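All chains, please: the whole structure from these sequences, using the hints.
Sequences listed follow chains A and B, in order.
So for the first sequence, the working numbering puts the first residue at 175; every next one is plus one.
So for the second sequence, the working numbering puts the first residue at 1103; every next one is plus one.
Here are the simulated DSBU-like pairs of lysine-lysine, each with C-alpha atoms no more than 35 Å apart in a straight line: (1) Lys641(A) / Lys468(A); (2) Lys824(A) / Lys1161(B); (3) Lys632(A) / Lys547(A); (4) Lys332(A) / Lys726(A); (5) Lys641(A) / Lys729(A); (6) Lys1116(B) / Lys1161(B); (7) Lys280(A) / Lys627(A); (8) Lys1116(B) / Lys966(A); (9) Lys966(A) / Lys1161(B); (10) Lys627(A) / Lys729(A); (11) Lys1165(B) / Lys966(A); (12) Lys728(A) / Lys632(A).
From chain B, some residues computed to sit far from chain A (all C-beta separations above 10 Å): (13) Asn1107; (14) Ile1109; (15) Ile1110; (16) Leu1118; (17) Ala1123; (18) Tyr1128; (19) Thr1162; (20) Lys1165; (21) Leu1167; (22) Val1169; (23) Gly1188; (24) Leu1190; (25) Ile1191; (26) Tyr1192; (27) His1205.
Calculated from the structure, these hints are not laboratory results.
Values in this document were obtained by computation on a predicted structure and should not be read as measured data.
Cβ atoms here follow ideal geometry from the backbone N, Cα and C, with glycine treated the same way.
Now for the letters of each chain:
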Amino acid sequence: MSAPHLAIVAPLVLSVFIPVFYRIFRHIHTGWFVLPLPILLFVYFLTFLPETMRGESFIESMNWIPSLGINFTAKVDGLGLLFALLITGIGALVVLYSIYYLAKTKEKLNNFYVYLLLFMSAMLGVVLSDNLIVMYAFWELTSFSSFLLIGYWYERDKSRYGAQKSMLITVFGGLAMLGGIILLYIMTGTFSVTKLISQANTIFNHALFVPALLCILLGAFTKSAQFPFYIWLPDAMEAPTPVSAYLHSATMVKAGIYLVARFTPVFGDHFLWFWLVTSIGILTLIWGSIFAVKQTDLKAILAFSTVSQLGLIMSLLGAGAAALHYEFLDENIYTVAVTAAIFHLINHATFKGSLFMAAGIIDHETGTRDIRKLGGLMHYMPITFTISIIGAFSMAGLPPFNGFLSKEMFFTAMVHVTEMDLFNLETWGFVFPVLAWIASVFTFVYSMILVFKTFTGKYQPEKLDKKPHEAPMGLLISPVILVSLVIIFGFFPNLLSDILISPAMASILPSLLGAGDEFMVHISFWHGLNIELFMTLGVVCLGIILYMTHSKWKKIYKAIPEKLSLNQFYDFLIEGLESVSSKVTKTYMNGSIRSYLVYIFAFFIVILVTTLIGKNAFMFDTNNVSTIGIYEVVLAILVVLGSICILFAKSRMTSIILLGAVGYTVSLFYILFRAPDLALTQLVIETISVALFLVCFYHLPKLRKFETRMRFRLTNALISVGVGTLVTLIALSAHSSKLFESISKYYVENTYTEAAGKNMVNVILVDFRGFDTLFEITVLAIASLGIFGMIKLRLNGRKEG
Amino acid sequence: MRKTNNIILETAVKVLLFFIALYSVYIFTAGHYYPGGGFIGGLMTAGAIVLLLITYDIKTVTKILPVNYRILTAIGLLFAIGTSAGSLIYDLPFLTHAFGDVHLPLLGELSIHTATLFDLGVYFVVVGVTMTIIQTIGEDE
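What follows is the structure in structure tokens.
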């Protein structure tokens, strides 16, 4: 296990101790125990920078299931490192923020931080695993931890709804991705991404290429909330704000982006990849931005804006894949799209993170996030206002913030798309810059709504739950750090270009680089009076007009019928699924144990009779049979008599006692056949089970009042006779067929020499086949806990009496 | 609760109980050489407690034997897994048992066996499981 492996599992290990810290140090906020870890990991990952800047990557494998090609391989390259730094860096800020956001007296902090650390580990695992199966496992773990975090306030209906929705959609996508991974394995025989990339040509010409591509994209699109799967993200906003800032804007939703970037060298050459990624990205961008304008909840605006920004990055990655068709590095104008994607990914994490935190502060200090109730907070919360305005202006793409630079580059990339001579882009390419521009106008509008509806306008204290005041220092530290980065990256974008952007690009477009080459990334503020600048000017002008007239045209949204929305469709699907499966299940699960026994035994008969006939396995051999004495005959008659009497017994008490009598008689058989251990066990078991029945009777008289006799049923009779006959037949065949030497000889010889025991049965139980016993007692323990739980909890709510 | 007079049973149980309990311990310890073992021993002990339950009622029995049977089950599992994993310390395969003879004053030659510890785990689990089931069903009113 190497250091990066340890770094991946470190949060997981720490999460084990969190409940202990929580119990022991009640007066210290549990977050303080968590905070050092992401900081430490962040610093640790920084040490990889020199290596990735040289274009090298660290790779270390640990065997897990080598026979299936599944190994825990940690790979730190430019792209993985960029994400690892985001995860740990934003993670540290979010933990710090959460310490002041979640009160230690009211919240279940132990759960919260366990889930958060679980997520951190999972996310690091996703971006640093080279083996796809391991990556998939971590990928699903992010879905689970996200589910737990969204449902953190599980007593709220909406939290549970949102948690389930996100889980269903992302796990569905994850399963599709697993399908894609398996298809890739069928094509190449490896799960390693590095090896897949080296075999990209084989994959490209394989018949399974397109299905694999679609499956992988499905995984990426559901995770990154692309159209039409984005519907889970707005509902995920029920999570506590630190979680929204961390998972649902900066990290987890970018896992899909990561996946697309990671697989660009494998799939990027294909026109389907370009068209799907770019157009779904653009569609999501414009869809999200239009719907963001409609929202009235601060976090809902941010959620839709995240959807839209993820679409932006996705479309850039799609456009960037086209660069693979131009096999030269210098003057390859299409790589700018990839540069922009990575740059915007970083920028988005900074400004969106700060905006989420600001929204959280407003919620925390005023008691509401509804912009219809908020207004005029500028004088009460000046620092929060500053944070929000910088974040929002960056998001809107205004200079001098980092969002401006990446927005300009986005326009550049989209304009370049029209110049491509591939995939029929000559005719349809113009759509991309036009849509990008329209979406940017809406982005501008919702950014303005976000800031100015909250902080300017009429102050309405009567609508607020609390008297607003500035947040405490602790809450402000994290967003202030993030907006400082917004400004720093805005003024000095090239701080990032060599250390992060260029190495990450090398991972996305490796085929464009020769040995020793690297991408020369230079981001400049002023490009001259070009088309991008005019596009931005247009965005600002139209955006201001639209913002000013917002109240007049927002009625258009009402024209879209609610019934046709994707959320309605999702709800319809879930409800339909539930009612249909409940109906189907109720047809055979009728709650009567008799029916279940009938199913089990009918199945038993069908399977075994088929095997007996199919394998021609029935055999009857009278050799090696002992003589039948008078005792055996008497006992057999007793057993048969007892069993028949049970059928005709008038009361349940009689039948129980008769059943016990049959059991005791069987144990006499064991004595006759000299098996004292079995006889003893059978005797005690019979005693205990009869007693158990009696105890039940003694305490539950009312439930068993209906001691009427069952009426005769043909199917039941057939099944019971069938089972009896079948078992007899199998027992006869088992006795008659000797396929191999019995193992009992081994036990006879070795019981004393190997295990120093004289009772063979006991030695087998505790020594030779100790594993069986170990698992049996475990199963017994689980069963008893199950019975305990079922009776004590009464989940079905059925009270007797 | 039933108000019938079962004085004969109550008196008999007071004597019988000790015999059954003692015999179950004997059967457990003798297990490695003679018929018996943890499973039967455990069941027999559980049987003794069930006899008590039938004679008196659950509340009285929990007063006499204030044992949390779920915890007993857990202890049993710990014994079993602990003895099994113990061999790993000596770099032997999981579940390798050790045995040897010791000479003790008064008792004479005794053979000591880690399998007995494993069996003790089985004993506890069986008592715990049986009693958990009977107690929860019995308490359910």
